[in-house]
Amino acid sequence: MPTKPGASSNGWHGQSEPRGVPVGVFMPCDSCGATLFRKQVERNLNVCPECSHHFTVTAHERILQLLDTDTFEEWFADLRPGDPLGFNDRRPYPDRVKAEQERTGLTEAAVVGQGFIKGLRLVFGVTDSGFIMGSMGSVVGEKLTRAIEEATKQQLPIIIVSGSGGGARMHEGIYSLMQMAKVSSALARHHAAGGLYVSVLTNPTMGGVAASFASLGDIILAEPKALVGFAGPKVIAQTVRVRLPEGFQTSEFLLEHGFVDKIVLRKDLRSMLAQLIDYVTP
Amino acid sequence: MSSPKQDRLPFEKPIYEMEEQLAEMEAQYAHRKDVADPQASEQIRILRRQLAELKRLIYTNIEPWDRVKVSRHRNRPQSRDYINLIFDDFVEIHGDRAIGDDRAIVTGFARLEDQKVLFVGHQKGRTLSERTTCNFGCAHPEGYRKALAKMKLAAKFGLPIVSFIDTPGAYPGIAAEERGQAAIIAENLMAMSMLNTPIVCVVIGEGGSGGALGIGIGDRVGMMEHAYYSVISPEGCATILWKTAEKAPLAASALRMIAPDLLRMGIIDGIVEEPLGGAHRDHRQAANSLKSFLVKSFRDIAAQPRESLLELRYQKFRKIGVFEEGVVAAPVIAEDVPTPVVLG
Ligand SMILES: [Zn+2]
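Protein sequence lines, in the order shown, are assigned to chains A and B. Under this note's numbering, the very last position in the first sequence is 284; numbers go up by exactly one each time. Under this note's numbering, the very last position in the second sequence is 332; numbers go up by exactly one each time.
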C-alpha cells in the first residue's frame, strides 16, 4: 500500500506531513539526499541503503515485516469513525475520513489482531502514521482497548507499534482526549494481571499517543531517529524562543534521558521482539 | 468584585457600564441619606434588578469563546482560593522526591467538612510574580510526579482525593521533554485508574488537553459552569486548521469544549453553577456551589459498593467513544445542544 505523494491531511502540533514512500522508479532519501532505486529501498524494509534512514512504513508493511507469514488475523476491522462533533474545518470530517480511507486502503489509523512471531502467539496492534497523522480518535482508542482486553483475557503478550504525528485526533474533540484515559486504564489492568506489553516507537510518535499507550510498555523499543515527544517541536520553539538542541525529541534523545530501553534497527526488530518476549516468558 | 479596567472582558461591557451607573447613584443617595428620598431608593432598586437581568441575559447567551475568556479571567478563583474557602486545616506537602517541587501543582491534606481528604490541583497564580512562579499553571513532569506520589500516599491511608484542574496545558519546553512529559502523564493516567480510593475531579477553569487529563481520572468528573475542557486549545486548533490564532472563537465552538456540551456527551457528571456573571464576581458563592458538588459526589460514591469502585471507574472511561460497527449505517451527525441539567 504505497502512499501517494501530495495527498493532504491535517497536521497536529504543527507536525509536518509524513511523506511515506513516493511512487516512482527512483526516490530521494529525506536524510542523506541520495537518489535511490525504489525497489531496492523496499527490499531493504524501507530503510535507506546509503545512510540507514528509516522511512515510515504502513500498517500493512509493518505486519508483513514483523509477524510470521500469513499468521495475522485482523480483529474489529469493522469499526469506523463517527462524526460526534459535526466537525467541519475546510471540509467535513466524514469527507476527510473517506478520502483517507480511499488513499490508504485502511478504515482507520489502527490495525489490531493476533499473529505469531517465531511461532509465539501474541496480540499485535499498529498505528499507521499515514492515516490522519496516525492520530487517535474513538476508533483507534476502542480497537487498542479491545485488543489489550483480549490479550489480558487470553493471557497473551501484546505488542503495539506506534506511529502518530497527530497524537489525539482534534476532529473528535474531547472524545479523543478520553481515549488516552481508556487505553491507559486497559493497560493498567493488563499489567496488574501480569501481562506483557512491548511498545515500539516509530517515527513520529507524538502528543496524546506518546502520553498514553506508547509510553506504558514493560519494554519500550524505538527505531533509530524517530521523532518522539509530548509537545511538537514548533510549539516548543515558539514557547521557549531558543534554538532546539540537535537531536531533540529523537529516539536517541529519549534513550539518553532514560525513557527508552533500546534502539533497534528495523532489520533486527522482529528477532529482538522474539528474544525479549522469550526472556520474560516462562 | 470590581475588576481593573484591563481585566474587563469586552462582552461584559454593558454590565460594567450599568454597575458604574448603579455605584454612582448609590453614592449620591448615600450622600443625602439624612433626607428621605423614596424616589431615589426606588430607582436604585429598579436598576439593581435590571443589572441582575442584564447579567442573566448576557451569561445565558454566552458564546463558547467568551466562556474561554471567563475561564481565564485573572480574578477567577483558583485552587488556593478554593482551598481557603472550601476546606479547613490545609497542610501543604511538597516535592516529587526526584526533581523538585513544581509550583504549578499544589498538593496537601485538607478537611472537607468532617472528611479528611488529599487535595491536588493546578495553580496558575494571579500577580505576575505568582504566575511566573507557578509557570501559569503549566506543570512539568515533576508536577505530575508530585501529584501521583501524594495521591498514592492518600490511597495507602484511605484518604479520598479531590483534584482541581486548571491549566492551559502541560508545559511545552525543552526541560519538560528531557524529563519525560509524555511518559509521566501516561503513567498518571494508568496509575490513577488503579488508585483504590474515591477520586473527584473538577475542571475549575481551563481543562487544557493532556495536562488536564494528567490529574483528571476519577470516579466523578465535574466542571464549573464557565470552565472548558478540550483536546487542544482553541488557539492551537485554529492555528492548525485555519492557519491563524484569530480563528480561535470558531475553534472554540467547533471543538464543543464547554460544560453543557460535555455533559450531554457523557464526558462529565455534573456542572457546578457559578454566581450570576461568573465565578470571578463572587468567589465565596462559587466556592459554596463547588463545595456542595464535592460533598454530594463523595456521598454518591460512598453509596456504591466499595469493592466495585475501580470497576465502575474503569467502565466510566471505557464507554467513552463514538464509532460505527458492523453493517454500514447512516453517519452519526451531532445534534443541537439541548438545555443542560445544572447541579448546584
Ligand atoms: Zn539516506
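Simulated from the structure, these hints should not be mistaken for laboratory data. Treat each hint with caution, since some may be false.
Taking lysine-lysine and the PhoX-like style, the derived pairs with C-alpha atoms no more than 20 Å apart in a straight line are [claimed, not checked]:
| hint | chain 1 | residue 1 | chain 2 | residue 2 |
| --- | --- | --- | --- | --- |
| 1 | B | Lys104 | B | Lys279 |
| 2 | B | Lys279 | A | Lys236 |
| 3 | B | Lys307 | A | Lys155 |
| 4 | B | Lys231 | B | Lys104 |
To see whether the hints hold, each was checked on the structure:
1. B:Lys104 x B:Lys279: Cα-Cα ~14 Å, so holds.
2. B:Lys279 x A:Lys236: Violated, because 41 Å separates the two Cα atoms, which is more than 20 Å.
3. B:Lys307 x A:Lys155: 18 Å, holds
4. B:Lys231 x B:Lys104: Since the Cα atoms of Lys231 of chain B and Lys104 of chain B sit roughly 49 Å apart, the hinted pair is violated (cutoff 20 Å).
Hint check: violations occur at hints 2, 4; the rest are consistent with the structure.
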